[in-house]
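Order-wise, the sequence lines are chains A and B. Using full-length UniProt numbering, the first residue of the first sequence is number 1, and each one after it goes up by one. Using full-length UniProt numbering, the first residue of the second sequence is number 1, and each one after it goes up by one.
Calculated from the structure, these hints are not laboratory results. Because the structure is a prediction, the values reported are computed rather than measured. The beta-carbon is built from N, C-alpha and C at its ideal position, and this holds for glycine as well. No incorrect hints appear here.
Some, not all, of what chain B presents toward chain A, calculated at C-beta under 7 Å: (1) N82; (2) Y166; (3) G183; (4) I184; (5) P210; (6) V211; (7) R218.
Under the rule of at most 27 Å between Cα atoms (straight-line distance), these lysine-lysine pairs were calculated in the DSSO-like manner: (8) K223(A) <-> K161(A); (9) K404(A) <-> K205(B); (10) K33(A) <-> K54(A); (11) K114(B) <-> K100(B); (12) K225(A) <-> K385(A); (13) K100(B) <-> K404(A).
Each chain, letter by letter, is given below.
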Amino acid sequence: MKLNRRQFVGASAGIAASTLAAPSLYAASHGGKPKVVVIGGGAGGATTARYINKDSDGAIDVTLVEPTRTYYTCFFSNLYIGGFRTIESLAHSYGGIASEGVNVVHDYAVGVDRDAKTVTLASGDTLMYDRLVMSPGIDFVDGAVPGWDVTAQNKMPHAYKAGSQSELLKAQIEAMPEGGTFAMVAPPNPYRCPPGPYERISMVAHLLKETNPTAKILIADPKEKFSKQGLFEEGWNTHYSGMIERIGPDFGGNNVEVNPDEMTLTIDGTVENVDVCNVIPAMKAGVICERAGLTDGNWAPVDGRTMVSRMDENVHILGDACAQGDMPKSGFSANSQAKVAAMAVRGALTDSKVFPAKFSNTCWSLIAPDDGVKVGAAYEANEEKIASVDSFISQTGEDAALRKATYEESVGWYEGITSDIFG
Amino acid sequence: MKTLRFFAALMLCASQGVAPAGAAEFVDPEDGAQVFKKCRACHAVGADAFNRTGPHLNEIFGRRAGSVEEFRYSDGLTRMGNDGLVWDIDSLDAYIENPKAFASDTRMNFPGIKDEGERGDLLAFLRQYSDSPANIPGAAPTATPHEVALSDDILAIVGDPDYGEYLSSECTTCHQLDGDNDGIPGIVGWPEEDFVVAMHAYKEKVRPHPVMQMMAGRLANDEIAALAAYFGGLE
Ligand SMILES: Cc1cc2nc3c(=O)[nH]c(=O)nc-3n(C[C@H](O)[C@H](O)[C@H](O)COP(=O)(O)OP(=O)(O)OC[C@H]3O[C@@H](n4cnc5c(N)ncnc54)[C@H](O)[C@@H]3O)c2cc1C
Numbered sequence: 001m002k003l004n005r006r007q008f009v010g011a012s013a014g015i016a017a018s019t020l021a022a023p024s025l026y027a028a029s030h031g032g033k034p035k036v037v038v039i040g041g042g043a044g045g046a047t048t049a050r051y052i053n054k055d056s057d058g059a060i061d062v063t064l065v066e067p068t069r070t071y072y073t074c075f076f077s078n079l080y081i082g083g084f085r086t087i088e089s090l091a092h093s094y095g096g097i098a099s100e101g102v103n104v105v106h107d108y109a110v111g112v113d114r115d116a117k118t119v120t121l122a123s124g125d126t127l128m129y130d131r132l133v134m135s136p137g138i139d140f141v142d143g144a145v146p147g148w149d150v151t152a153q154n155k156m157p158h159a160y161k162a163g164s165q166s167e168l169l170k171a172q173i174e175a176m177p178e179g180g181t182f183a184m185v186a187p188p189n190p191y192r193c194p195p196g197p198y199e200r201i202s203m204v205a206h207l208l209k210e211t212n213p214t215a216k217i218l219i220a221d222p223k224e225k226f227s228k229q230g231l232f233e234e235g236w237n238t239h240y241s242g243m244i245e246r247i248g249p250d251f252g253g254n255n256v257e258v259n260p261d262e263m264t265l266t267i268d269g270t271v272e273n274v275d276v277c278n279v280i281p282a283m284k285a286g287v288i289c290e291r292a293g294l295t296d297g298n299w300a301p302v303d304g305r306t307m308v309s310r311m312d313e314n315v316h317i318l319g320d321a322c323a324q325g326d327m328p329k330s331g332f333s334a335n336s337q338a339k340v341a342a343m344a345v346r347g348a349l350t351d352s353k354v355f356p357a358k359f360s361n362t363c364w365s366l367i368a369p370d371d372g373v374k375v376g377a378a379y380e381a382n383e384e385k386i387a388s389v390d391s392f393i394s395q396t397g398e399d400a401a402l403r404k405a406t407y408e409e410s411v412g413w414y415e416g417i418t419s420d421i422f423g
Numbered sequence: 001m002k003t004l005r006f007f008a009a010l011m012l013c014a015s016q017g018v019a020p021a022g023a024a025e026f027v028d029p030e031d032g033a034q035v036f037k038k039c040r041a042c043h044a045v046g047a048d049a050f051n052r053t054g055p056h057l058n059e060i061f062g063r064r065a066g067s068v069e070e071f072r073y074s075d076g077l078t079r080m081g082n083d084g085l086v087w088d089i090d091s092l093d094a095y096i097e098n099p100k101a102f103a104s105d106t107r108m109n110f111p112g113i114k115d116e117g118e119r120g121d122l123l124a125f126l127r128q129y130s131d132s133p134a135n136i137p138g139a140a141p142t143a144t145p146h147e148v149a150l151s152d153d154i155l156a157i158v159g160d161p162d163y164g165e166y167l168s169s170e171c172t173t174c175h176q177l178d179g180d181n182d183g184i185p186g187i188v189g190w191p192e193e194d195f196v197v198a199m200h201a202y203k204e205k206v207r208p209h210p211v212m213q214m215m216a217g218r219l220a221n222d223e224i225a226a227l228a229a230y231f232g233g234l235e
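Can you build the whole structure from these sequences, using the hints too?
Encoded structure:
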């Protein structure tokens, strides 16, 4: 099968070269090498580009399309808000990946022609591919929070894509009047980083406890339950007693409206004046997936065994954008899926060995200084979905030494995963 | 890196049929008092014992590693304690036999006691200064851990480093290929057998740490061998 494919690549060279109408037939023919285009240089895309390039020893041409020159990790951006990291420590450049031989193009993909197998960039350039990999992360669902759209993101930041949004949110919290109110509109499932909003609440509480201890935190939440709830609530009681109020769907936390000009948050008809409003709207796959016609509802369905799109066998989709089954949308998951996708792509384009897909995820969260917790699981893919096969979670009532070790482990993990993603 | 050697040592015995893993025994407390002279320069035990160069040894059985307050332990022992290592007859036996093999960065500057009988004497002596099961209903401070008995067959598996390289991508999300040791231990360049034994010890939940128990738990024997071959071959 793999060999056939290879012969086909070779055999088709003449045809592709001779007919302009079908540049799609084999992009490979142009440089003699199969071509892979990766859209999105985040946790999923950068890892995939790196691994395909590294493991194929130059047998595959890899182009990574990413608009920004500096990627700020969302992971640990809450710790930046809490004052445990600098913003610079979250920044990563593409120099390492480029020096390993990946062709890094700083541009934005605006369209995919799946018949022609080309990607169109904002600059007007087109890239041909034999296999396309997409890991564009998330975008927000229009109209998800009445009164809010992305034009309001400076007044009411989401800080769910890291960088200037994270800095803005932190600055707003620091500028809150004494005894003021920080509000969060939490997102409905599924969304990027299930414990993320609650780790953020912990970090905001820590910052306020130090600088503005009479301030209040209000969460409007459409979900009955949330990730690591027992652990977070225990920690909030211990460290931030009386500061945090969460309004769940029973009390109208699912019925909210905001007014960015007036700085109000209306929960089930009751208007609250707030000083900072962190709106985290419902999410969907990065818009390029929709434009490429690869979504079903808000997400792009894939076969977890190869991360290949259910709608196009030449396109692999991974990370937050895809619907794969049981894995949470996390950087760890995206990195794990990237390795399976990279192996599948190499297997399809060269004669490299393909092994059964395995995935794992661990999400650490920091609740207060040296009070870290974690949750994780291992996964395998079947034809239907990626299924959880084993899991663990930190326990309530753990002693301080273990919590400190868990936090230190997360710092080690950050170093590990970022060098795995960016080289 | 060598922290895991003790499992290797136990395993080798097991596979050679010398003694099954977890076979340390209490022998003679009176002879043990003589052996303890080797320890006395640094460790105190008994009424009023306090920390000296080394921590006091009262209640050492059933105590979590690295947990005596105000004593500064090496990072390695502290980490093992945080991961759940509780001193019992087998872990103490392995530690005393070769401290640096058990915890490579241990501050216990002592070559170890190679004679099994002497160790048995010493442990019997120290045992008198810890609660006995009779004092703690339901507890068994001298209980032996679940054994990791690796057969020759498992140790003989020749790992495929190519497969190991693919599988390793699950490890490198946390463990850095440059061998960095902060927060998460480095695993590059381990002797293959140590690696195999350590992974089986996690798999059978003898070694603590939930993430590693889960990761190792679903690795087949040949996959562990493949990973050992790959990481062992890295510089
Ligand atoms: C506050 C917060 C805390 C988090 N904490 C953790 C954590 O502790 N652990 C963890 O594992 N995960 C965490 N996450 C989740 C993690 O950040 C995401 O799950 C991860 O980044 C997903 O990777 P991805 O590749 O799918 O998307 P991203 O990392 O978002 O990368 C997508 C990239 O694609 C680019 N892109 C988008 N559209 C296009 C286009 N059309 N053309 C070209 N490029 C495009 C974007 O610029 C971006 O760089 C956290 C997230 C948040 C918000």
